[in-house]
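Q: Residue-level listing of the chains:
Protein chains: 2
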Amino acid sequence: MSTATAANYKEIIDNAIKAIHARTFYAQYPESPKAYGEDAPKAGLDIFNNQLGKPFNGLLQQNPTAWVGEEVSPYTGKKLGITYPVFDTETLIVRAGRAFTAWKNLSVELRAEILVDALERIKNRFFEIAYATHHTTGQSFVMSFQASGPHASDRALEALAMGYEELNRFPQNITWEKPMGKASVVLQKQFKPVPKGISLAIGCSTFPTWNTVPGLFASLITGNSVIVKPHPKSIYAIAIVVAEIQNALQAKGVDANVVQLAVDGSDKLITKELAEHPLVKLIDYTGGSVFGSYIEALPGKTTFTEKAGVNSVILDSVTDLKPVVQNLSFAVSLYSGQMCTAPQNFFIPAGGIKQGDTVIPYEEVKKALVDAIGGIANHPQMGPGTLGAIQNPLTVKRVNSVKDLDATVLLEPKSIANSEFPEARTCSPIVLEVDAKDRGVYEEELFGPIVLIIKTKDTTQSIELAKHMAEKHGAITFSAYTTDETIANIITEELESVFAPVSLNLTGMIWVNQHAGFSDFHVTGGNPAGNASFTNPEYVNKRFVWVGHRRVS
Amino acid sequence: MSTATAANYKEIIDNAIKAIHARTFYAQYPESPKAYGEDAPKAGLDIFNNQLGKPFNGLLQQNPTAWVGEEVSPYTGKKLGITYPVFDTETLIVRAGRAFTAWKNLSVELRAEILVDALERIKNRFFEIAYATHHTTGQSFVMSFQASGPHASDRALEALAMGYEELNRFPQNITWEKPMGKASVVLQKQFKPVPKGISLAIGCSTFPTWNTVPGLFASLITGNSVIVKPHPKSIYAIAIVVAEIQNALQAKGVDANVVQLAVDGSDKLITKELAEHPLVKLIDYTGGSVFGSYIEALPGKTTFTEKAGVNSVILDSVTDLKPVVQNLSFAVSLYSGQMCTAPQNFFIPAGGIKQGDTVIPYEEVKKALVDAIGGIANHPQMGPGTLGAIQNPLTVKRVNSVKDLDATVLLEPKSIANSEFPEARTCSPIVLEVDAKDRGVYEEELFGPIVLIIKTKDTTQSIELAKHMAEKHGAITFSAYTTDETIANIITEELESVFAPVSLNLTGMIWVNQHAGFSDFHVTGGNPAGNASFTNPEYVNKRFVWVGHRRVS
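Residue numbers (numbering that gives the first Met the number 0), protein chains in the order written: chain W, 0 to 552; chain H, 0 to 552.
In isolation and in its complexed conformation, chain W is listed as follows (with noise of 0.2 Å):
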């Protein structure tokens, strides 16, 4: 098993602030499969069949009042029968506040190393994490691996890199000498991060470590201890990860419940009973809005928050037509738009968009972009691998009640086949077409395969529709296609001063969903889609308080 050693700990964070600073690409952990040896995938697999109907035994916590478990396959339809251990508020709090005292005395070099060990030793589950992933998630097993693999350990690093960076912003210790006219006054100071207590972070069932693990390496780089509570329903890839961070805090001693995993079922939720506990100080959150609010406006927490939000594309003129609605159409079929930056609103001029010289009709653009979505879907090699499956039956659900919308069906939704997976949840994207004036429609976030084509008068329309959306319920991407810099410029200008980061013009092999680590900040933390952004400073700097003690020598 490998372990950070003092020198390469050192090394690996360096290079993470560097490539903060320049955010220019920049992975730790290759994105590719194969570049984590040819035994890898096979081994990895293993080991998930064999986890199968067992008890999750990883953990280094003691005395579980229960062992609960619900986790169900959206591949196979099947219960995991993996059962995790449960734990009363109390015993997690208290062990909590424990570590807590623990941890905050540790030097900030010597959380950075346990983290960087963490980090080493995940790696190592890459595999099995993907299958974990794979099958709570429903996600296609590429992006299982490379979402909860790589990718999240690249957002964990980053968050540390940044943490470890503000903690060594102002020196320790100084002397402090105020010249009085012939004497001077002389101070010995100290100045010192105070982590804030204990942190909870509160996952998701769709990204269950993408989403969890950068609020929670935040908060462990700044002293604070986690309690860190999954989705009932997407449990194991996280478990692993907190069992490897337990795992490398017990390697340098130290009490291994400065991180716990605190499970509950359907049945029983605790997270309010966690987020409402006076000691607990910081809380990270990603779901829907309506618990997120409620999290947000919790007296005397700072919190961290990603919400939902409604994402929108401007058409308004292109080079050429077909790689745009190839790039939206895979966009929106990632996943089965499952992705909290997938695309859902498109506003179409009703007098059609400009290529080159020419001008495409508004039913011709619409046309296009129909005929790609259903293209992916109907394709048999590249329908399941892009769809995957999905998570939540009750988006199957919304995906069929939005038909009873005031909106014309443009794609009608259906099953996929998938050939590995014959009982796969599946659905793929609706498209609706309704009218710039029914708002109604679409002013709200319908989470999963839907996509709505909204006519409006012009671009300018366009615009103050979608810069509406994203003021009023929050936007985590937004995409825009034209070939007229004026338009481009007062399109960045409308969406930014909402906080709406622009990506303009994408075709090929990049996609508006895509946030790279060391690059992108994920959510900008400055609209209703949630008030905390992957990996600002603010994200570090409001988990610990800068205390200066003075002392005459």
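Everything labelled a hint here was simulated from the structure, so no lab data went into it.
Because the structure is a prediction, the values reported are computed rather than measured.
Hints may be right or wrong, so weigh each one.
When chains are identical, the list treats them as one kind, so a pair holds in a single copy or across two.
List of simulated lysine to any residue pairs, SDA-like, C-alpha gap at most 25 Å [claimed, not checked]:
no. : residue 1 : residue 2
1   : Lys17     : Glu164
2   : Lys454    : Gly350
3   : Lys181    : Ala26
4   : Lys177    : Met508
5   : Lys353    : Ser552
6   : Lys353    : Gln187
Use these hints to put chain H onto chain W, whose structure you have.
A: Quick look at chain H alone, frame taken from chain W:
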């Protein structure tokens, strides 16, 4: 009139950034009045005298609806007779919104140049500001000069420099190239710190510039426009500051409404109207806890508050008691305890305190402290200059009403004769004695010259109570005297766990009340005394949002 040039604004900011990181002694603006030339005091006084009884015409804000002013000198008891222009809330907001649009689009460099120029212009009016402060707050002249002049401007520069550093933390434009086997994906990325919008700075009556300029300059450098709402009884000093920022804006052809003074009268306060306005996104506040908590709870606002705290002193053991009581008596007497940093609660063990190998009995410690406090008040030269005058008549009432508390009066408050100003509203400190069990008496901030000596079982109880006070009611400063390194460490650990900074064994020409720019964090932001800190990174980076745009090149 001196103005910053492109060459020297950079140097001033670079030096300030270096100072912030070094945290050793630094001052851009010397605190000695002598540094500003022999003629400066007289010139400032002449301008002050000439302003009395007239409208303040220095602002570049057009078409007021009325002119109001109700400032009264605590030294003469007379109205200053200065009136200030009044504007409707909607007018202020519309002008701030229009100015914001222009201001946010200026380069960080140009904003920085204008703001350094403003500081240089303010410097030329330090003596007028000093007289304005003297005759509105009741501070002694020297304190008025230092606090509202050089110290305030150093704090403003600190916030400005911290903002400048944060805004330049990430590159504006980069090329991102991701290797994808034989090909690669290339994106042009732009990272923009987008300001939040209109900022409101709510001032207090006792430190009209020192407490207002850090938030004001932090908001301005990060691209927000600011409405400054001073306390109706303490306008003149900050009006000069606003006027000079407006002059610096105008000199560069920028809309002067980037900063506006919003004056109201006690009969028609507009603070809530402004604070609750949906376009106001940022609020800086200094003042009482009740209103501060209301500000913090406003939905959808980013707030920076400094409220009240209960500052404690623990006496455990000393090398020599005399310099200790000298230091402490000065700390409570300075500006008659009207500093948010002044100590209030003195915890002394019933068994007395060690001095070297001997023990000084409790009664002797108490007497030494009371004598020292009385000594300053009764000293004909030192008394008036140290105590200054009482800003608010309610403070004198409070001092008298605390006699009704269930506590022993050890030192009666009295008026202090001021030969220069026979009508000055003065009040020497009252000293009360209570037992540790009588928490109800000392468990709140008693603003003004009120000192409580609390008899504890031992230092362990002193620590426990001081920690409890800081955690529950907030603490801006905390002072301890001990010669025992183990106890010093326990005190430091316990108090920092509730985010109170510890000043240990201060004697001589340094007092716990003083927080130096570029070195001491003023308020930690971690306990109920306030949610913000002059000037940690959070103080500036919460004022803008990082937005990353991407485009295919």
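Q: What are the numbers of the hints that this structure violates, sorted from low to high?
A: The structure conflicts with no hint, since it agrees with every one listed earlier.
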